[in-house]
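Protein chains in written order, with our numbering: chain A, 4 to 306; chain B, 4 to 306.
Rather than coming from a laboratory, the hints here were simulated on the basis of the structure. A hint or two may mislead.
If several chains are the same, the list does not tell them apart, and a pair holds so long as it fits within one copy or across any two.
As the list claims (entries may be wrong) - Capping the alpha-carbon separation at 20 Å, the derived lysine to aspartate or glutamate pairs in EDC-like fashion look like this:
id	residue 1	residue 2
1	K155	E294
2	K9	E270
3	K77	E13
4	K43	E270
5	K229	E76
6	K229	D106
7	K160	D279
8	K180	E294
9	K247	E76
10	K86	E297
11	K86	D136
12	K29	E125
13	K247	E13
14	K29	D102
15	K155	D47
16	K301	E13
17	K247	D274
18	K48	D153
19	K20	E294
20	K272	D226
21	K216	E270
22	K20	D279
23	K220	E76
There are 2 protein chains.
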Amino acid sequence: MPKIFKTNAEIATCGGKLLKLTHDSKETGTQMDVNIYLPKQYYDKSKKECHESKIPTLYYLSGLTCTPNNASEKAFWQLQADKYGFTVVFPDTSPRGGDEVPDDKNDWSFGKGAGFYLNATEPKYAANYRMYDYVHKELPSLLQQEFGSDGKLDFIKNKSITGHSMGGYGAISGFLKNYGAYKSCSAFAPICNPSVVGWGIKCFSNYLGSDNKAAWKQYDPCDLVKVVKSTNASDKVLIHVGTKDPFLNEHLRPELLLNASKGTTWEGKFDINLVDNFDHSYYFISTFVPEHAEFHAKHLGLL
Amino acid sequence: MPKIFKTNAEIATCGGKLLKLTHDSKETGTQMDVNIYLPKQYYDKSKKECHESKIPTLYYLSGLTCTPNNASEKAFWQLQADKYGFTVVFPDTSPRGGDEVPDDKNDWSFGKGAGFYLNATEPKYAANYRMYDYVHKELPSLLQQEFGSDGKLDFIKNKSITGHSMGGYGAISGFLKNYGAYKSCSAFAPICNPSVVGWGIKCFSNYLGSDNKAAWKQYDPCDLVKVVKSTNASDKVLIHVGTKDPFLNEHLRPELLLNASKGTTWEGKFDINLVDNFDHSYYFISTFVPEHAEFHAKHLGLL
Chain A
4 MPKIFKTNAE
14 IATCGGKLLK
24 LTHDSKETGT
34 QMDVNIYLPK
44 QYYDKSKKEC
54 HESKIPTLYY
64 LSGLTCTPNN
74 ASEKAFWQLQ
84 ADKYGFTVVF
94 PDTSPRGGDE
104 VPDDKNDWSF
114 GKGAGFYLNA
124 TEPKYAANYR
134 MYDYVHKELP
144 SLLQQEFGSD
154 GKLDFIKNKS
164 ITGHSMGGYG
174 AISGFLKNYG
184 AYKSCSAFAP
194 ICNPSVVGWG
204 IKCFSNYLGS
214 DNKAAWKQYD
224 PCDLVKVVKS
234 TNASDKVLIH
244 VGTKDPFLNE
254 HLRPELLLNA
264 SKGTTWEGKF
274 DINLVDNFDH
284 SYYFISTFVP
294 EHAEFHAKHL
304 GLL
Chain B
4 MPKIFKTNAE
14 IATCGGKLLK
24 LTHDSKETGT
34 QMDVNIYLPK
44 QYYDKSKKEC
54 HESKIPTLYY
64 LSGLTCTPNN
74 ASEKAFWQLQ
84 ADKYGFTVVF
94 PDTSPRGGDE
104 VPDDKNDWSF
114 GKGAGFYLNA
124 TEPKYAANYR
134 MYDYVHKELP
144 SLLQQEFGSD
154 GKLDFIKNKS
164 ITGHSMGGYG
174 AISGFLKNYG
184 AYKSCSAFAP
194 ICNPSVVGWG
204 IKCFSNYLGS
214 DNKAAWKQYD
224 PCDLVKVVKS
234 TNASDKVLIH
244 VGTKDPFLNE
254 HLRPELLLNA
264 SKGTTWEGKF
274 DINLVDNFDH
284 SYYFISTFVP
294 EHAEFHAKHL
304 GLL
């Protein structure tokens with residue numbers, strides 16, 4: 004059977020290995036990069052290969068301009084993944100490639116590096132910008148086929164999701180739209196209400212159509228909380244945002260998500276922590292990764 | 004009193020702050036960049052300001068091509084600094100600046116980014132390339148003057164040193180040449196015998212003179228172990244090197260340091276750990292930072 008993934012690098016770090024992979028995506032019609040960290044538990048030969056002990060997965064969605072490498076190098080999930088025993092998957096933030104993939108080279112907040120984790124409907128972008136189906140469906144399925152075949156890794160059934168900035172929006176949006184598919188969701192400095200802020204309006208307009216507000220509502224967390232029912236008493240979305248985040252008031256707007264959830268089944272379930280002095284960088288993310296890791300570990304049955 | 008350091012950024016991370024600083028150096032005759040991480044203990048207002056509780060310092064010397072930022076972002080010392088309560092100082096790897104500072108723009112392993120932690124004697128480089136006196140004397144003194152003035156931080160008396168690759172050589176060399184000045188020394192993938200390997204020969208030749216072997220011996224750990232007496236029974240230099248380090252056999256050569264120390268007062272005091280599968284990257288460094296942090300914390304009296 005031909006391999007789905009090409010391994011470009013296999014890097015020993017902490018107790019496990021970081022694999023830098025490339026593969027063809029039917030969704031995006033392009034080659035895609037993805038990094039995965041397999042924790043030390045995966046390499047522990049004494050571990051029994053029974054269904055109950057399969058290693059669960061945390062998906063980390065990166066922010067604007069990032070590749071799978073930024074968080075792999077700077078967020079420092081690896082130590083936590085080893086502590087609790089979960090795989091971490093770092094997808095790319097958009098399709099890549101040459102001029103055949105439409106882009107705006109003058110705008111880092113749209114196009115390549117800014118796929119916004121949705122399925123584009125506008126004709127120009129609809130063929131490639133399908134990051135929603137790619138991240139939530141195709142990628143987990145392909146990873147399961149290739150890396151799950153030995154029965155030790157679970158990329159599909161026992162999984163959680165987190166992300167930063169655009170990826171924080173992507174995590175919350177994907178968690179709500181696929182309610183029940185992820186055991187838990189958290190976010191670092193997420194774009195909470197993309198329909199009303201600059202980055203979101205630009206991407207929603209270009210990918211979904213400026214007058215197609217019905218489509219916008221299908222991705223905006225502030226709309227999704229009104230139509231997706233939280234049926235699990237333990238639902239909680241853990242969020243951290245720094246008070247010195249330069250994008251806090253213009254693009255992130257966590258207070259709008261808090262307001263939107265009022266009177267819905269999600270009221271009180273967004274645990275939004277505004278943390279003094281922190282900015283938007285990986286220095287901020289890495290600081291709160293241990294707390295988010297513990298949160299997900301609990302929901303994944305690891306604690 | 005005019006400030007010595009200009010603070011270009013003050014970044015909240017973990018429980019403390021990373022300060023990105025610039026200052027004028029008399030040693031190098033240039034402006035220098037340096038990052039320092041002040042741990043959470045520094046910001047703990049309940050901490051008593053008595054001499055005994057001064058926060059000690061770990062100096063981290065980076066490798067070829069690095070600036071103070073690489074390790075600040077990727078080595079992840081901050082969490083460990085908070086755990087034990089020490090400051091981390093990340094100096095630059097050379098003087099910087101325009102054409103007034105001599106360089107070889109076609110060679111990343113010499114000149115800017117490759118100061119080799121020595122005082123150059125060759126006329127072309129002697130005015131600026133004085134990283135030895137800068138790192139071991141001027142910088143600690145300036146930091147103490149400005150940041151130590153409130154009596155909480157100790158950059159001079161209770162300090163340890165570590166480093167990576169060229170910086171690993173710099174740490175060992177500086178520790179031995181200033182025997183007694185540092186409480187402990189460790190290194191990640193150090194260049195152990197610069198006088199006999201490519202990177203070292205090039206830098207020693209250009210900075211010290213190709214026929215000035217007496218000067219080379221003053222910096223090479225394999226020569227220093229023969230003239231510096233270890234008088235402390237607890238002396239131990241902790242070293243990790245990855246078996247998949249691409250520079251292991253050509254430039255690092257830890258076995259030569261082990262051999263050189265035989266029959267000297269340092270015999271058995273280099274704890275060299277060859278670790279399976281690890282490479283030369285920050286993925287390797289960050290993996291062993293917790294072990295090195297604990298090692299230094301013990302020697303700094305924090306455990």
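Hints versus structure:
Taking identical chains as interchangeable, the C-alpha atoms of K155 and E294 are never at most 20 Å apart, the minima being 26 Å within one chain and 29 Å between chains. Taking the shortest Cα distances, K9 and E270 never come within 20 Å of each other, neither inside one copy (44 Å) nor across copies (46 Å). For the homomeric pair K77 and E13, the shortest alpha-carbon distances inside one copy (17 Å) and between copies (18 Å) are both at most 20 Å. In this homomeric assembly, K43 and E270 never come within 20 Å of each other (Cα to Cα): the closest approach is 38 Å inside a single copy and 34 Å across copies.
Proximity of K229 and E76 under a CA criterion of 20 Å is satisfied in neither setting, with 37 Å inside one chain copy and 39 Å between copies. Taking CA atoms no more than 20 Å apart as the test, K229 paired with D106 passes in neither setting, with 33 Å inside one copy and 62 Å between copies. Taking CA atoms no more than 20 Å apart as the test, K160 paired with D279 passes in neither setting, with 36 Å inside one copy and 33 Å between copies. Taking the shortest alpha-carbon separations for K180 and E294, neither the intra-copy value of 25 Å nor the inter-copy value of 43 Å comes in at or below 20 Å.
Taking CA atoms no more than 20 Å apart as the test, K247 paired with E76 passes between copies only; the shortest distance there is 19 Å, against 23 Å inside one copy. Proximity of K86 to E297 under the C-alpha cut-off of 20 Å is found in both arrangements, the shortest distances being 9 Å within a copy and 18 Å between copies. In this assembly of identical chains, K86 and D136 lie within 20 Å of each other by CA distance neither inside one copy nor across copies; the values are 30 Å within and 42 Å between. In this assembly of identical chains, the alpha carbons of K29 and E125 lie at most 20 Å apart only when taken from the same copy (18 Å versus 61 Å across copies).
For the homomeric pair K247 and E13, the shortest alpha-carbon distance between copies (11 Å) is at most 20 Å, but the shortest distance inside one copy (36 Å) is not. Taking the closest pair of Cα atoms, K29 and D102 come within 20 Å of each other only inside a single copy of the chain (18 Å); across copies the shortest separation is 51 Å, beyond that limit. For the homomeric pair K155 and D47, the shortest alpha-carbon distance inside one copy (11 Å) is at most 20 Å, but the shortest distance between copies (45 Å) is not. Taking CA atoms no more than 20 Å apart as the test, K301 paired with E13 passes in neither setting, with 29 Å inside one copy and 34 Å between copies.
In this assembly of identical chains, the alpha carbons of K247 and D274 lie at most 20 Å apart only when taken from the same copy (19 Å versus 43 Å across copies). For the homomeric pair K48 and D153, the shortest alpha-carbon distance inside one copy (13 Å) is at most 20 Å, but the shortest distance between copies (53 Å) is not. Taking the shortest Cα distances, K20 and E294 sit within 20 Å of each other only across copies (19 Å), while inside one copy they are farther apart (22 Å). In this homomeric assembly, K272 and D226 come within 20 Å of each other (Cα to Cα) only inside a single copy, at 15 Å, whereas the closest approach across copies is 64 Å.
Neither within a single protomer nor between protomers do K216 and E270 lie at most 20 Å apart by alpha-carbon distance, with minima of 24 Å and 74 Å respectively. Within a single copy, K20 and D279 get their C-alpha atoms only as close as 34 Å, which misses the 20 Å cut-off; across copies the closest is 12 Å, which meets it. In this assembly of identical chains, the alpha carbons of K220 and E76 never lie at most 20 Å apart, being 34 Å within a copy and 37 Å across copies at closest.
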